[in-house]
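Q: Read off the chains here:
2 protein chains.
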Amino acid sequence: MEQSKRRILIVGGVAGGASAAARARRLCERCEIIVYDRGPYVSFANCGLPYYVGDVIVEETKLLVATPELFKNRFNIDVHTETEVTGIDRSRQEIEVRNLKTGETRTERYDSLVLSTGAKAIRPPLPGIDSPGIFVLRTIPDSRKIRDAVQNATRAVVVGGGFVGLEMAENLRHRGLEVTLIEMADQVMPPLDPEMAVMVADRLEENGVRLRLGAGVQGFEENTDGSLKVKASSGEELDTDLVILAIGVTPETSLFESAGLTLGERGGVQVDEYMQTNDPNIWAVGDVVEIQDVVTKTRQLIPLAGPANRQGRVAAGAIIREAQGKEKRIQFRGVQATAVCGIFDLTAASTGASEKMLNRQGIDDYQAVYLHPGNHVGYYPGATSIHIKLLFSRSDGKILGAQAIGESGVTRRIDVIAMAIQMGGTVFDLEESELCYAPQFGAAKDPVNLAGMIAANHLRGDLPLADWKELGTNNVDLIDVRSPAEFERGHIPGAKNIPLETLRGRLSELSDNKDTWLVCGVGQRAYYATRALMQNDIAVKNLSGGMQTYQTFQKAGLLP
Amino acid sequence: MEQSKRRILIVGGVAGGASAAARARRLCERCEIIVYDRGPYVSFANCGLPYYVGDVIVEETKLLVATPELFKNRFNIDVHTETEVTGIDRSRQEIEVRNLKTGETRTERYDSLVLSTGAKAIRPPLPGIDSPGIFVLRTIPDSRKIRDAVQNATRAVVVGGGFVGLEMAENLRHRGLEVTLIEMADQVMPPLDPEMAVMVADRLEENGVRLRLGAGVQGFEENTDGSLKVKASSGEELDTDLVILAIGVTPETSLFESAGLTLGERGGVQVDEYMQTNDPNIWAVGDVVEIQDVVTKTRQLIPLAGPANRQGRVAAGAIIREAQGKEKRIQFRGVQATAVCGIFDLTAASTGASEKMLNRQGIDDYQAVYLHPGNHVGYYPGATSIHIKLLFSRSDGKILGAQAIGESGVTRRIDVIAMAIQMGGTVFDLEESELCYAPQFGAAKDPVNLAGMIAANHLRGDLPLADWKELGTNNVDLIDVRSPAEFERGHIPGAKNIPLETLRGRLSELSDNKDTWLVCGVGQRAYYATRALMQNDIAVKNLSGGMQTYQTFQKAGLLP
Chain A
5 MEQSKRRILI VGGVAGGASA AARARRLCER CEIIVYDRGP YVSFANCGLP YYVGDVIVEE
65 TKLLVATPEL FKNRFNIDVH TETEVTGIDR SRQEIEVRNL KTGETRTERY DSLVLSTGAK
125 AIRPPLPGID SPGIFVLRTI PDSRKIRDAV QNATRAVVVG GGFVGLEMAE NLRHRGLEVT
185 LIEMADQVMP PLDPEMAVMV ADRLEENGVR LRLGAGVQGF EENTDGSLKV KASSGEELDT
245 DLVILAIGVT PETSLFESAG LTLGERGGVQ VDEYMQTNDP NIWAVGDVVE IQDVVTKTRQ
305 LIPLAGPANR QGRVAAGAII REAQGKEKRI QFRGVQATAV CGIFDLTAAS TGASEKMLNR
365 QGIDDYQAVY LHPGNHVGYY PGATSIHIKL LFSRSDGKIL GAQAIGESGV TRRIDVIAMA
425 IQMGGTVFDL EESELCYAPQ FGAAKDPVNL AGMIAANHLR GDLPLADWKE LGTNNVDLID
485 VRSPAEFERG HIPGAKNIPL ETLRGRLSEL SDNKDTWLVC GVGQRAYYAT RALMQNDIAV
545 KNLSGGMQTY QTFQKAGLLP
Chain B
5 MEQSKRRILI VGGVAGGASA AARARRLCER CEIIVYDRGP YVSFANCGLP YYVGDVIVEE
65 TKLLVATPEL FKNRFNIDVH TETEVTGIDR SRQEIEVRNL KTGETRTERY DSLVLSTGAK
125 AIRPPLPGID SPGIFVLRTI PDSRKIRDAV QNATRAVVVG GGFVGLEMAE NLRHRGLEVT
185 LIEMADQVMP PLDPEMAVMV ADRLEENGVR LRLGAGVQGF EENTDGSLKV KASSGEELDT
245 DLVILAIGVT PETSLFESAG LTLGERGGVQ VDEYMQTNDP NIWAVGDVVE IQDVVTKTRQ
305 LIPLAGPANR QGRVAAGAII REAQGKEKRI QFRGVQATAV CGIFDLTAAS TGASEKMLNR
365 QGIDDYQAVY LHPGNHVGYY PGATSIHIKL LFSRSDGKIL GAQAIGESGV TRRIDVIAMA
425 IQMGGTVFDL EESELCYAPQ FGAAKDPVNL AGMIAANHLR GDLPLADWKE LGTNNVDLID
485 VRSPAEFERG HIPGAKNIPL ETLRGRLSEL SDNKDTWLVC GVGQRAYYAT RALMQNDIAV
545 KNLSGGMQTY QTFQKAGLLP
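Heads up: the sequence lines are chains A and B, in that order. This note's numbering puts the first residue of the first sequence at 5, with every later residue one more than the last. This note's numbering puts the first residue of the second sequence at 5, with every later residue one more than the last.
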């Protein structure tokens with residue numbers, strides 16, 4: 005068909021839908037482009053909502069990235085808010101549209117239909133779930149309701165320890181509330197592995213957030229004074245003035261299901277690399293779709309803003325370029341789950357697969373290394389540690405994932421590794437990468453280099469690594485090569501202290517019958533010791549990340 | 005030969021030499037490893053010296069990354085400081101060593117010799133160059149002398165606007181001195197292109213550094229009161245209490261020359277990818293060597309700490325692995341000149357080639373784009389702009405270089421692009437990259453994505469770009485699509501204001517006879533306008549980066 009007459013209807017005007025609309029206009033000046041959204045706003049900053057609740061973002065209007073007027077004036081795009089699309093007639097290429105203000109219903113013809121229906125917050129069917137004072141946070145009106153409730157509240161319970169739960173806990177603390185966070189898993193922040201997540205948990209507790217991990221919610225009760233009681237599976241009952249439900253989202257697929265469009269096994273919409281559904285005239289983008297995880301090559305639901313925006317671009321390009329020039333179409337490359345969360349001045353970020361995810365997918369050809377370098381050289385004032393876990397393939401060194409936690413410089417290192425993963429890079433590439441260095445900005449051996457060097461040393465056979473989780477379960481000679489003073493301040497039970505500086509003269513003290521495992525503060529001195537001992541024909545393994553990592557494994561309850 | 009008996013001598017104990025020594029020990033426990041350094045210290049933080057002068061780093065001992073005692077105790081490496089290596093007898097595999105404290109000379113046999121002699125500060129043979137009060141900054145004793153001189157000084161002249169010159173200017177201002185910086189080129193910070201460097205110059209002047217660009221120094225004179233007179237080529241005479249010479253470094257090749265080792269055409273030592281010289285028993289690393297620039301594929305002198313450290317590792321690996329296992333040797337991959345400088349809370353960073361460098365190498369198949377995104381979303385408080393210039397190949401989109409300047413988030417974006425360059429990435433990879441996003445950390449479309457999108461839009465033919473340097477030299481219809489209020493506050497002479505919002509109804513006002521060029525604030529609205537007009541069959545070009553970039557071109561004197 006002639007592009008200029010094409011009628012493109014878009015359902016859902018946030019992130020993916022808004023991107024698709026604007027991109028479609030840029031590619032096709034004369035197409036008719038219409039956006040429908042059930043809510044009162046399009047293109048609003050949903051990632052900013054917790055900070056609006058927390059009064060970090062003060063003006064609500066700041067959350068409006070674009071208005072219907074701007075869409076009209078700047079892009080010649082019609083936007084209909086408070087307008088719900090209630091059905092699709094695929095054979096007639098029509099949608100049923102209902103004006104939520106007037107209740108009127110009409111049909112609209114499409115040549116191409118983009119569905120960006122998003123995901124809705126999960127509200128489990130628990131006793132008392134509909135009590136007043138129980139909120140979810142997905143929209144500006146949601147955030148307004150919570151802001152109102154906060155006015156008269158002194159206590160809050162946040163249910164769920166994912167990104168939104170953590171951000172809400174922080175922001176409610178900013179507003180002066182007592183906050184308890186309850187989470188069914190044994191850890192907060194699911195993209196992190198448990199021994200990394202404990203650092204986030206510590207930061208929450210240091211800032212007065214009471215944590216209840218490994219506890220589900222069994223129901224809610226209204227107290228006589230109007231407050232709420234949250235009943236935990238542990239038996240504990242938490243009195244509170246308001247509850248935030250942040251236990252995840254589920255894709256809004258009803259429109260797809262009623263139209264007979266194919267869903268995937270995770271319950272999201274199935275699309276190809278152009279975001280096209282099984283109906284060649286219908287595209288789907290954003291939180292509603294299942295997407296290939298580029299590391300595990302599995303289909304996943306990964307509701308993130310960045311991928312949603314790129315998917316909108318891809319869908320618009322596929323629609324318009326089909327006629328204009330196929331070679332200009334962009335393929336969606338999949339998602340690698342790069343994500344970040346700020347928690348009371350701590351940054352926790354990750355990209356690629358976690359160890360949990362690898363295990364879940366049955367991928368066992370991997371190795372993890374831990375390190376704790378400074379964000380910049382120690383001799384320049386103000387250096388802070390970045391705690392890094394790097395996961396890579398044992399067979400070829402391909403980077404599988406990375407997690408990092410620290411006060412400063414965290415997103416930078418995760419982003420560099422994200423780019424390396426995108427490009428199919430290995431730990432040998434990280435080892436050799438050339439990054440910005442001046443004393444206040446990094447180190448001649450950047451944390452990214454160090455992570456690559458440790459991993460590459462392991463793969464070259466120069467640094468055999470012990471498995472932290474076997475610590476204490478097997479009969480090894482555990483040597484702590486730190487100074488006596490450091491050793492005295494705390495060490496692993498059963499460890500023997502032979503400082504690195506004296507090690508070469510004390511080889512006879514090492515056991516002939518047992519494996520020797522080495523540990524130090526962060527892993528560096530144990531590496532030096534590993535090299536010295538291996539070349540004396542002593543079989544040794546290194547406990548990656550040293551005592552700093554030991555403490556996180558211990559706190560996470562991962563040691564016997 | 006048997007590795008365990010190998011005798012490895014290393015000349016120069018900073019960065020490359022120290023890395024080579026420590027790495028050699030890790031790979032060979034029984035090798036004999038000896039380090040010689042002319043100076044009183046090894047492994048000191050030379051990048052920290054300006055900040056020690058500035059009292060940002062207060063304790064001198066902080067600058068000592070490792071001491072001879074640590075080398076001995078931890079690595080079993082002998083370090084001889086204040087010991088100069090004065091000659092090499094290649095046929096006998098011996099070096100001549102002179103103890104600078106006693107004056108005694110001896111010879112030492114080597115199996116492998118690593119030369120990390122570094123570079124020395126250039127002191128041009130100008131009249132008065134040996135006057136008291138004229139300093140260079142390469143060593144801890146140098147910094148001590150400057151610290152002493154600062155005590156009694158109120159005025160300083162810094163000669164040279166490279167990294168060290170800028171850092172010294174900042175640190176001398178911190179110490180309360182009046183500072184004038186004189187630089188022969190028309191810009192500061194040579195790795196940047198001039199229209200980017202003006203932002204650094206502005207920041208210097210805002211902080212009281214007086215700039216004299218395009219002016220060389222013709223000589224120095226001692227005034228009768230003990231102060232100095234700096235005579236500039238402009239005719240200006242600058243009275244000052246001290247002078248810092250920071251006009252660059254030249255490789256310390258005398259040892260190589262006297263031994264008949266091959267130098268390259270830039271005056272540095274020629275080495276292969278294992279850092280081996282033309283003598284199979286002699287390696288060279290660090291500032292003294294010529295290295296392949298991975299972008300331009302030319303040999304360059306690029307004195308940077310990160311590459312020096314990696315070169316040390318490579319050389320040690322090549323020496324030891326030759327016998328132990330060749331497949332474990334690491335090749336040095338070349339340098340991409342990633343660098344960063346902090347200037348009064350501004351960060352300026354770059355990676356890959358500048359436009360100047362491409363021109364110098366005769367590479368003309370490139371395109372530049374400019375953008376000015378926020379370091380994070382605008383709706384989260386505290387966003388600041390990052391000014392980015394991205395250079396890429398016109399034929400295949402390969403990334404050639406990037407420069408970025410801003411208050412925050414600069415190193416992160418340059419490092420991501422550095423990794424992309426290392427991996428042979430294109431602007432299409434930047435467009436699709438998946439980076440950390442939360443409101444306080446970035447945007448769903450990160451600055452890196454935006455740079456890639458603009459470049460990719462251009463390569464797909466969707467965004468024809470005008471050449472800023474042709475502005476005013478040709479007869480075009482220049483349309484400014486900002487609002488009338490913005491236009492009134494300042495615009496390019498001859499520009500006509502047609503706001504984007506009214507453009508679609510005013511097509512008849514565009515000239516049929518001339519090319520139409522579009523400009524806006526930062527490039528975004530002009531892009532929208534470009535798309536609308538192109539699809540109305542109007543030939544248009546976009547002025548990349550908008551008025552913000554216009555101002556930098558104007559300040560840099562690059563417009564007619």
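Hints should not be assumed to be uniformly reliable.
Mimicking BS3-like on lysine-lysine, the simulated pairs with C-alpha atoms at most 30 Å apart in a straight line are [stated by the list, open to error]:
1. A:332 / B:233
2. B:9 / A:545
3. B:76 / A:545
4. A:500 / A:518
5. B:9 / A:76
6. A:402 / A:500
7. B:149 / A:402
8. A:105 / A:149
9. A:545 / B:330
10. B:235 / A:332
11. A:235 / A:301
12. B:360 / B:330
13. A:402 / B:332
14. A:545 / A:473
15. A:402 / A:301
16. A:332 / B:76
17. B:149 / A:545
18. A:233 / A:149
19. B:149 / A:518
20. B:332 / B:360
21. B:301 / B:330
22. B:402 / A:301
23. A:402 / B:301
24. A:473 / A:518
25. A:402 / B:402
26. A:235 / A:360
27. B:9 / B:402
28. B:149 / A:500
29. B:545 / A:9
30. A:330 / B:545
31. B:235 / B:360
32. B:233 / A:330
33. A:76 / B:545
It is worth saying that the hints were derived from the structure and are not from the lab.
Q: Which numbered hints turn out to be false for this structure?
A: As far as the earlier hints go, 1, 5, 6, 7, 10, 11, 12, 16, 17, 19, 20, 27, 28 and 32 are violated by this structure, in ascending order.
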